[in-house]
Amino acid sequence: MPQDLRFSRRLLMTLALTMPWSISRPAQADEGGIVSLDYGLASTMLMLGVTPAAVVARADWQQWVVDPPMPESVADLGTATEINLEVLARLKPSLILSTPFLAASRSQLETIAPVREVDIYGGGREALPASIVATRDLGKLLRRESQATAFLAHAEANFADCNRRIAELSAPPVALVTLMDERHVRIYGGSGLYQGTLDRLGVKNAWQAETNFWGFQTITIEQLISLPENTHLMIFEPLTPPDILQRLDDSPLWHELPFARAGRVSVLPGVLMFGMVREAIRFAELLTDRLEQLA
Amino acid sequence: MSVRLFRSPATVVFILFLLGLSLSAWNIGRDAWLLFEPAGHYDPKRVLLVYSTFPRFMTALLVGAALALSGVMLQQSLRNPLASPTTLGTSAGANLSLVLSLLFFPSSQGFGRDTIAIAGAAVSACLVFAIGSRKGASPLSFILSGLMIGLWCSALSAVFVLMNDRYLSGLFIWGAGSLALQGWTVPFSLLPKIIACVVVAGLMVRPMSLMELGDAGALSVGLSVRKVRVLAIAVAVILSAFVTSAVGIIGFVGLVAPAIARLAGARRFAQQLVWSPLIGAGLLLVTDETVKLLSAAFGAFLPTGSMTALFGAPVVLMLLARLRTESRRPPNLGQGATRSWHVPRFMPALFLLTLAIGVVAAILIGRAPTGQWEILPFAEWQSILPYRWPRVVAALSAAMMLGASGVILQRLTGNEMASPELLGISAGATAGVALALFTVASAGFAVQLVFAAFGALAVLVMVLLLGLRSGFSPERVLLAGVVLTALLDALIGFLAAGGDPRAMMLIGWMSGSTSRVDQASALFALACAIVFAALVYPAGRWLTLLPLGREVSHAVGIKVPVARASLLVLSALMTAAATLIVGPLSFVGLVGPHIARELGLRGALSQMIGGAMAAGLLMLIADWLGRMIAFPYQMPAGLMAVLLGAPVLVSILMKNAENGQRRWLR
Chain A
1 MPQDLRFSRR LLMTLALTMP WSISRPAQAD EGGIVSLDYG LASTMLMLGV
51 TPAAVVARAD WQQWVVDPPM PESVADLGTA TEINLEVLAR LKPSLILSTP
101 FLAASRSQLE TIAPVREVDI YGGGREALPA SIVATRDLGK LLRRESQATA
151 FLAHAEANFA DCNRRIAELS APPVALVTLM DERHVRIYGG SGLYQGTLDR
201 LGVKNAWQAE TNFWGFQTIT IEQLISLPEN THLMIFEPLT PPDILQRLDD
251 SPLWHELPFA RAGRVSVLPG VLMFGMVREA IRFAELLTDR LEQLA
Chain B
1 MSVRLFRSPA TVVFILFLLG LSLSAWNIGR DAWLLFEPAG HYDPKRVLLV
51 YSTFPRFMTA LLVGAALALS GVMLQQSLRN PLASPTTLGT SAGANLSLVL
101 SLLFFPSSQG FGRDTIAIAG AAVSACLVFA IGSRKGASPL SFILSGLMIG
151 LWCSALSAVF VLMNDRYLSG LFIWGAGSLA LQGWTVPFSL LPKIIACVVV
201 AGLMVRPMSL MELGDAGALS VGLSVRKVRV LAIAVAVILS AFVTSAVGII
251 GFVGLVAPAI ARLAGARRFA QQLVWSPLIG AGLLLVTDET VKLLSAAFGA
301 FLPTGSMTAL FGAPVVLMLL ARLRTESRRP PNLGQGATRS WHVPRFMPAL
351 FLLTLAIGVV AAILIGRAPT GQWEILPFAE WQSILPYRWP RVVAALSAAM
401 MLGASGVILQ RLTGNEMASP ELLGISAGAT AGVALALFTV ASAGFAVQLV
451 FAAFGALAVL VMVLLLGLRS GFSPERVLLA GVVLTALLDA LIGFLAAGGD
501 PRAMMLIGWM SGSTSRVDQA SALFALACAI VFAALVYPAG RWLTLLPLGR
551 EVSHAVGIKV PVARASLLVL SALMTAAATL IVGPLSFVGL VGPHIARELG
601 LRGALSQMIG GAMAAGLLML IADWLGRMIA FPYQMPAGLM AVLLGAPVLV
651 SILMKNAENG QRRWLR
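Heads up: the protein sequence lines correspond to chains A and B, in order.
Numbered per this note's numbering, the first sequence spans residues 1 to 295.
Numbered per this note's numbering, the second sequence spans residues 1 to 666.
The hints are simulated quantities; they were obtained by calculation from the structure and are not laboratory data.
A portion of the hints provided could be inaccurate.
Derived list of chain A stretches under chain B, where covered just means 3 residues or more per stretch with a C-beta under 8 Å from a C-beta of chain B [what the hints assert, rightly or not]:
#, region
1, 82–89
2, 104–110
3, 216–226
4, 238–252
Since we're looking at a predicted model, the values are computed, not measured.
Ideal Cβ placement from N, Cα and C applies to all residues, glycine included.
Turn these sequences into a full structure, and let the hints steer you where they fit.
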């Protein structure tokens, strides 16, 4: 008996030394973290007070999402088109949050952990209302219902506050674009997240024409001439290449566009296009601040 | 049928311009009167007319003419009716140089986009020239080497695009060729450049006409074939680079316009030189006005370059039917490899041993989540191996099938640049996946696989039908594949230019990824490889005898069409199986056979075994590197195989080319 006891104690010591995680984080070793394969879902998790165990394209987070910051400890799963399954498997997650966009990987993901697909940009539905519903569902799923309620209340209060501030300004209609090159832009509207936010703020989108499934349209710059006279053009960062504004300046037609003639052009910091409620808040604040500055 | 209507090139030009002008009149409509109004007040419609509609009209004409001129110069100097700026890979080279400069020197874009694109085009043109010009510069070898350089440049661009898709999305529009303009800068800067090239081309009419006599004939009348050819190609490449750097890649005009000129009766080179640019200008005008009409009707973004491919591809397929099949000498059985030592007995065993070690190493050596190198600890085997071994096994099996398929195609065509990717089967499979992504909501891997299989099968049937008509002439089958691939590229370019996220999934699929391979599909791949290995074995005899010519084959009792058809089907099936598992793009089917021959394996069967194993080994390394190099980010194995395989291939070809090239460059 004593011998056995000694043996097992040594074994325990060895185990403890070789696998430090089993001592320092006993609970989480069994439970496993939650992994997000989508930026929007990951930022929502952060807002509910849950740090993801890993996200895809962790390295680019700072460039495309900016806020909320992603903690350093979060693992990187590589690109969404080639998710690193080995890293994922070793994390032994308890849940994988995914989107229908990644359906092709689903059967593989399911061998690692249960997969929960959250559909926001799949069915051509309105992105902001869908995000709010998804946030509430996520709150239930992660047992953070009170945090979800508080976060959504914070969002509503934020939208209401921005709406009130904008109402005082009699803001012009805005056109939201990303410059693709000096001849083409992507313009946002339709069912997208930006349109939903504009609706909440009571700002009119100058672009009322058709958009694709995801709420944007690629158009040529001369098509912007059809926008209403008093439109204010908002250009999202990043500007690629960096000198593109100077090059637009060389284009005679650009100077003939109504907003360019009147100098109603601003550059806004980038906001994740395929985001959720947190990104909508960020966009609402950026836009409201800018409109106040302009007024 | 309609060809007879166009009795003379002038009629064709007249019809094209009539159509183009009426379309633009329709598009402009009543706005034209605005030009005659007093200029005092601001009218947006008038602004559009002056700064967008008219410059775009002019640019369409200029670009169409320039590309057609470039095409006619290339086709004449290479004596190849299928040469064009896009088929020679120069556009892909320009694209790659733009990608690199955008990523690494973003600010240099401002002052030197033209220069950057032209430099890229020039470098790739030189490479194509160097590789394609061996052995009398046969039309097919030029086309295929252009295609290979194009593939390589596209692969490298794709690696960067996949890693930076958000940042580089503007390049997709450039790649799809848009003629949208907001001022007169583009047409005014193109005009003098094009005029200069036209003048040089005009001065070259006589010497270039003499090239119709053939290299020997031209030489006998005192022409320096080499100088004329180099100059002509330089003019052509510069022309297309000017256009490409200004408006992006616009394919097929340079290929189709000279062909139409010839069909309409422009026999002499001087006639073609005059009529092709006019036809090209008319063609692009009609296309662009149609694009405007369609995008106004559907509210969607349609890049002109994608549309020219859509219109042009059928014309090229039609041309294929008229292309003369050249009689080929037997492939260089004794030539090529520099070594001639006897293949040692232990060679196959050595190969097998290397492969076995490679498989074990690829499975066990890897990186921990922290990024540290490690030999996979036993404790993790159960959790990690199910995601690792299927990739290794699938990569190996698929590559071996591609390697064997490559040997069959190369020996059958007698062309060492033939490769399984060119059969068009890969394009068919990719089109199938595209269809799945667009028709089935959230298509899973199994659904994609079924669609891909149908796509591959559809192309296989088409290839066979085409083969029946041409007596299974391998050249024609391959060229049809080239056209299908170009058509598919145009489709994906169109999707990507519009910003559709599904385009990234397609690009991912086309890059040849093993990341979606699970245990079942890996076992399927292995089973396919074993079954086909058994089937390939008896085909060895045919492959030895067929290249010796119809008479020899007949004398020993081989029915040539049956043998050819069986070999084509076998090679197509192997390609299809491999494509389904690891995607379409890889160099291994092309490189494997060359490595085998370089090692001295020259018998049909031994080259096939060696080629399969070399291809397998290359893919094994590519897949492993792809998983390791940017860990935890993964590079598609197919792209890595292209990047690894192309330099190997080029070095083998260049080494063997020295004699041939000297002969050609006399």
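Checked hints:
Counting residues of the region 82–89 of chain A whose C-beta lies closer than 8 Å to any C-beta of chain B gives 7; at least three are required, and the coverage claim holds. A count of 5 residues in the region 104–110 of chain A with a Cβ less than 8 Å from any Cβ of chain B is obtained; the coverage claim is therefore met, three being the minimum. With 9 residues carrying a beta carbon less than 8 Å from a beta carbon of chain B, the region 216–226 of chain A meets the three-residue requirement, and the given coverage holds. Here's how the region 238–252 of chain A fares: 10 of its residues keep a CB closer than 8 Å to some CB of chain B, so the rule of at least three is met and the hint holds.
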